[in-house]
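Below are the chains, spelled out letter by letter.
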Amino acid sequence: MKRYLYRTMTTESNSRNADKLAAFDTIVSEYEGMLLRYVSRIVLCHEAAQDVVQDTFIKLFKNWEKELRPSPELSSWLYRVAHNCAVDHLRKETRRNLLHKREAKEHDEFSLPDRGADSTINEAAEKAAAALRKLSLREQQLVILKVYEEKSYKEISEITGLTVSNVGYTLHFAMKKLAEELKKESAI
Amino acid sequence: MKERRNRKVPAECRAARPLLCDYAGPGDNLDRIERQLVRKHLAGCPDCRKAAADFSAVIRLLHSASKTIKETPAHLSPDRRNHIIKLCGEAGR
Numbered sequence: 000m001k002r003y004l005y006r007t008m009t010t011e012s013n014s015r016n017a018d019k020l021a022a023f024d025t026i027v028s029e030y031e032g033m034l035l036r037y038v039s040r041i042v043l044c045h046e047a048a049q050d051v052v053q054d055t056f057i058k059l060f061k062n063w064e065k066e067l068r069p070s071p072e073l074s075s076w077l078y079r080v081a082h083n084c085a086v087d088h089l090r091k092e093t094r095r096n097l098l099h100k101r102e103a104k105e106h107d108e109f110s111l112p113d114r115g116a117d118s119t120i121n122e123a124a125e126k127a128a129a130a131l132r133k134l135s136l137r138e139q140q141l142v143i144l145k146v147y148e149e150k151s152y153k154e155i156s157e158i159t160g161l162t163v164s165n166v167g168y169t170l171h172f173a174m175k176k177l178a179e180e181l182k183k184e185s186a187i
Numbered sequence: 000m001k002e003r004r005n006r007k008v009p010a011e012c013r014a015a016r017p018l019l020c021d022y023a024g025p026g027d028n029l030d031r032i033e034r035q036l037v038r039k040h041l042a043g044c045p046d047c048r049k050a051a052a053d054f055s056a057v058i059r060l061l062h063s064a065s066k067t068i069k070e071t072p073a074h075l076s077p078d079r080r081n082h083i084i085k086l087c088g089e090a091g092r
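So the sequences go chain by chain: A and B. First residue of the first sequence: 0, per numbering that gives the first Met the number 0; consecutive thereafter. First residue of the second sequence: 0, per numbering that gives the first Met the number 0; consecutive thereafter.
Simulated from the structure, these hints should not be mistaken for laboratory data. Incorrect hints may have been included.
Simulated coverage check for chain B against chain A, where a stretch passes if three residues somewhere in it have a Cβ under 8 Å from a Cβ of chain A [claimed, not checked]:
#1 8-18
#2 32-46
#3 59-65
#4 71-79
#5 82-89
Every residue gets a Cβ at the ideal spot worked out from N, C-alpha and C, and that includes glycine.
Just chain B, with the same shape it has in the complex:
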């Protein structure tokens, strides 16, 4: 939040920062131009480089955390499903 108030953040950092999470993450959601922009910026900006490395570490940890929780059921319980279909069947009449 301090950073939000800090108007002295360089324009290059302001342009690159919203893309850092995507850059650091596993998916490849940045287009070629965005990826180039981030790469070029990180090469010359230690602060953003550090932030990108931190984000990668956070994402890796969040995925580890996900693996350790009990598996979420992939389906609604049969009772629940029947209840939904029954209610919607009545509503549709």
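Chain A on its own, in the form it takes in the complex:
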């Protein structure tokens, strides 16, 4: 009888794990593109972005205690953890003194393609990307979430843990810095 019960429990446990894995697989499909896009803008390397997104999903599987289904709460959690993993990645990279490697990759993946007729536009765009990289990681995070991910202040507040008014002020000052830098470079 005991053996039968154990076997039943084991089967139920396996079945629960299979269900959780299936739900997790759906979550990966739903959010992988969003996270890759977001993390790539921070780490500036597609391969590193894959590492960071992998770590983020593993953390999700291990730490998320609620039901695994797409929701704004889950999305905010993923952005937050992905950002922290990306920052960790950049710190490790700095510690290993591999910045030169990053710059080489950056040049390869994030430099502009052919110039040609749109050279003026491309040059200004390149200056904008460079100016963004000069901001602190927190400021970059807010600008990326606002400008590229088109999140509301409330959503950014949920992702970052900052108050809504802090999001507004920090973004204001980050945008001012970008504008000043781009004026200095005669890009605007």
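Take the given structure of chain A and dock chain B to it, following the hints.
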């Protein structure tokens, strides 16, 4: 940062400035009252009007910059995905 220390920024500017980025951006994230507040303030404040115009220009440029980088893959590589599922499958046992 100079501005942060400057306590003489008028109260109307302090209220409008955190909303300027949203006002200047493509999304419509301000509610009716916020939008009205910003519009009314910009009509009478050249400094904030200039800042809003600058922010619009910066946002346009950032979007141009985005279009010029190589496209970010939309999916994890199959190896990476299998690795995640395998690790999580083991962790779940």
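- Can the stretch 82-89 of chain B be counted as covered by chain A under the rule of three residues or more with Cβ-Cβ separation shorter than 8 Å? holds (count 6)
- Task: Report holds or violated for chain A covering the stretch 59-65 of chain B, Cβ cut-off 8 Å, minimum 3 residues.
- Result: holds (count 6)
- Within the stretch 8-18 of chain B, is the number of residues with a Cβ closer than 8 Å to a Cβ of chain A three or more? holds (count 3)
- Given coverage of the stretch 32-46 of chain B by chain A, checked by CB-CB distance under 8 Å (3 or more): This one is violated; 0 residues, fewer than the three required, reach chain A with a Cβ under 8 Å.
- Query: Are there at least three residues in the stretch 71-79 of chain B whose beta carbon sits under 8 Å from a beta carbon of chain A?
  - Reply: holds (count 7)
In terms of the numbered hints stated before, the structure departs from hint 2 and from no other.
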